[in-house]
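Participant: Sequence:
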Amino acid sequence: MPPISVKELQDKALDIAFNKSAGPLLAQVLAITNTPNSQMQRSLKDLDDEAKRLVEANERMKSTNAQLEQTLRANDAAFNATQTLILTNDDAIQLSGQALAVPAVTAKVFSQITAQMIAGKVDPLSPAGMTIFKKRIEQAGISWATPDAAVFAKNFVDSTEWIFKMEGWGSGYSELTRDAMINGISQGWGPKKAAAEMRRYAQNLPKSAAENLTRTLQLTSFREASAAMETANSEFIEGKIRISALKDTTCLGCISLHGTEMKLGERVDDHYRGFCSEWYRVLGGPRFPGQMQADSTPGKRNFVPYQSGEEWFAGLSPERQAQQASFLKSPAKLRAFKDGVPLKSFVGDHVDPVFGNQKIELSLIRAIGDQAQEYK
Numbered sequence: 001m002p003p004i005s006v007k008e009l010q011d012k013a014l015d016i017a018f019n020k021s022a023g024p025l026l027a028q029v030l031a032i033t034n035t036p037n038s039q040m041q042r043s044l045k046d047l048d049d050e051a052k053r054l055v056e057a058n059e060r061m062k063s064t065n066a067q068l069e070q071t072l073r074a075n076d077a078a079f080n081a082t083q084t085l086i087l088t089n090d091d092a093i094q095l096s097g098q099a100l101a102v103p104a105v106t107a108k109v110f111s112q113i114t115a116q117m118i119a120g121k122v123d124p125l126s127p128a129g130m131t132i133f134k135k136r137i138e139q140a141g142i143s144w145a146t147p148d149a150a151v152f153a154k155n156f157v158d159s160t161e162w163i164f165k166m167e168g169w170g171s172g173y174s175e176l177t178r179d180a181m182i183n184g185i186s187q188g189w190g191p192k193k194a195a196a197e198m199r200r201y202a203q204n205l206p207k208s209a210a211e212n213l214t215r216t217l218q219l220t221s222f223r224e225a226s227a228a229m230e231t232a233n234s235e236f237i238e239g240k241i242r243i244s245a246l247k248d249t250t251c252l253g254c255i256s257l258h259g260t261e262m263k264l265g266e267r268v269d270d271h272y273r274g275f276c277s278e279w280y281r282v283l284g285g286p287r288f289p290g291q292m293q294a295d296s297t298p299g300k301r302n303f304v305p306y307q308s309g310e311e312w313f314a315g316l317s318p319e320r321q322a323q324q325a326s327f328l329k330s331p332a333k334l335r336a337f338k339d340g341v342p343l344k345s346f347v348g349d350h351v352d353p354v355f356g357n358q359k360i361e362l363s364l365i366r367a368i369g370d371q372a373q374e375y376k
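Numbering (my numbering), first residue to last: 1 to 376.
These aren't lab readings, by the way, just hints derived from the structure by calculation.
Among the hints, erroneous ones may be present.
As the list claims (entries may be wrong) - List time: in silico DSS-like cross-link candidates among lysine-lysine, alpha-carbon distance up to 25 angstroms:
1. Lys193 <-> Lys247
2. Lys12 <-> Lys344
3. Lys12 <-> Lys165
4. Lys134 <-> Lys247
5. Lys165 <-> Lys154
6. Lys263 <-> Lys329
7. Lys193 <-> Lys52
8. Lys20 <-> Lys135
9. Lys134 <-> Lys121
10. Lys329 <-> Lys247
11. Lys20 <-> Lys207
12. Lys192 <-> Lys52
13. Lys62 <-> Lys52
14. Lys121 <-> Lys135
15. Lys344 <-> Lys329
16. Lys207 <-> Lys165
17. Lys12 <-> Lys247
18. Lys52 <-> Lys154
19. Lys193 <-> Lys329
20. Lys192 <-> Lys263
21. Lys300 <-> Lys121
What the hints assert, rightly or not - Label pairs and their calculated CB-CB ranges:
22. Ser159 <-> Ser208: 33 to 43 angstroms
23. Asp91 <-> Ala325: 49 to 59 angstroms
24. Gly172 <-> Arg60: 21 to 31 angstroms
25. Ile142 <-> Gly290: 18 to 28 angstroms
26. Glu175 <-> Pro3: 46 to 56 angstroms
27. Asp49 <-> Glu319: 16 to 26 angstroms
28. Ser308 <-> Glu167: 24 to 34 angstroms
29. Asn80 <-> Ser186: 21 to 31 angstroms
30. Ser159 <-> Ala325: 43 to 53 angstroms
31. Asp46 <-> Gly299: 11 to 21 angstroms
Just so you know, even glycine gets a beta-carbon here, dropped at the ideal spot from N, CA and C.
Build the full structure now, drawing on both the sequences and the hints.
Facilitator: Here is the structure:
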């Protein structure tokens, strides 16, 4: 089996850095919403009791119910606290991505040195690894730039767009929850259903929304800094291709884009929390990697000959294709795919006000228009 890849080491390092920079705030968010004696949990308990009383009295839950309103106010407070926690930690989260760009790009370009380090059980992305890189590169007389990431990386968290987004972030999610509850009640939710849905929103949404935003901040900062690092050392890199994590949870768009050629210095745009990266074609090196990792799980790494994402997916069994998360979520997409709609049809573009261009997976109707009705 091939040794561990830089992509694996990179993703692991990003996870460790994220847990260090964002983990404490996410734990605090969880405590605010899920600790038994928290304001949120006490309010949810009171709402459960109110739902029980309404059922026994054969009454409906109304959107104007006083206990529901009190619980929604507690939810507002939880989101406001979450927003404050994100703003307190956003610099560290951004830097946790930026700082890894320098060793990651270096390790990908100087693959022979990287392979020697991995064989010697030295992490090429660690400070010790960078010391070895610098020494070997200097000995070879190569003028490789390894600047402080903060000097050349884009600063998202001080941008006008980030500040504007965060000003309404907590209230936006609070309003989303409030609207969902009011709409559900107007459509006939019973008291117990309403209380259960309020609990689901309150216990899950603040943490998942915070994790979604902060992880995207870290990963986009990493990719933005990687693109800048490439530009600073462009004389040593001939080109690059996009690399996706090919597994059953990978979105159809990212599978299709795997292996596509990219311009040097072009950022690998990805959706929220996307882990796509790049492989470099260096001077005198091969045009494509010999192997790639696909359908791997922790402790069970699977390597196959390099191929495009479309080719890889086409070579899977129909049973395995049907297990792709996107198809499980939307069987209509699977029926369309079996009928000849290619994966590239699901690749879409989105412009986020903070993070800029993103690649997303399109819905079936956005992918093929009115023809989507045939697969419902």
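Participant: For each hint, tell me whether it holds in the structure or not.
Facilitator: Cross-check of the supplied hints:
1. Lys193 <-> Lys247: 36 angstroms, violated
2. Lys12 <-> Lys344: 29 angstroms, violated
3. Lys12 <-> Lys165: Between lysine 12 and lysine 165 the Cα gap is close to 29 angstroms, so the pair fails against 25 angstroms, i.e. violated.
4. Lys134 <-> Lys247: Distance ~35 angstroms between lysine 134 and lysine 247 Cα, so the pair is violated.
5. Lys165 <-> Lys154: 17 angstroms, holds
6. Lys263 <-> Lys329: 34 angstroms, violated
7. Lys193 <-> Lys52: 11 angstroms, holds
8. Lys20 <-> Lys135: 29 angstroms, violated
9. Lys134 <-> Lys121: 18 angstroms, holds
10. Lys329 <-> Lys247: 15 angstroms, holds
11. Lys20 <-> Lys207: 16 angstroms, holds
12. Lys192 <-> Lys52: 7 angstroms, holds
13. Lys62 <-> Lys52: 14 angstroms, holds
14. Lys121 <-> Lys135: Satisfied, since the Cα-Cα distance of roughly 18 angstroms is no more than 25 angstroms.
15. Lys344 <-> Lys329: 18 angstroms, holds
16. Lys207 <-> Lys165: 17 angstroms, holds
17. Lys12 <-> Lys247: 16 angstroms, holds
18. Lys52 <-> Lys154: This hinted pair is violated, its Cα atoms lying about 53 angstroms apart.
19. Lys193 <-> Lys329: 23 angstroms, holds
20. Lys192 <-> Lys263: 55 angstroms, violated
21. Lys300 <-> Lys121: 19 angstroms, holds
22. Ser159 <-> Ser208: 33 to 43 angstroms: 24 angstroms, violated
23. Asp91 <-> Ala325: 49 to 59 angstroms: 33 angstroms, violated
24. Gly172 <-> Arg60: 21 to 31 angstroms: 29 angstroms, holds
25. Ile142 <-> Gly290: 18 to 28 angstroms: Cβ of isoleucine 142 to Cβ of glycine 290: about 24 angstroms, so the range 18 to 28 angstroms holds.
26. Glu175 <-> Pro3: 46 to 56 angstroms: 50 angstroms, holds
27. Asp49 <-> Glu319: 16 to 26 angstroms: 48 angstroms, violated
28. Ser308 <-> Glu167: 24 to 34 angstroms: Cβ of serine 308 to Cβ of glutamate 167: about 42 angstroms, so the range 24 to 34 angstroms is violated.
29. Asn80 <-> Ser186: 21 to 31 angstroms: For serine 186 against asparagine 80, whose Cβ atoms are near 26 angstroms apart, the range 21 to 31 angstroms holds.
30. Ser159 <-> Ala325: 43 to 53 angstroms: Because 32 angstroms falls outside the window, the suggested range is violated.
31. Asp46 <-> Gly299: 11 to 21 angstroms: At roughly 45 angstroms between Cβ atoms, glycine 299 and aspartate 46 fall outside 11 to 21 angstroms, so the hint is violated.
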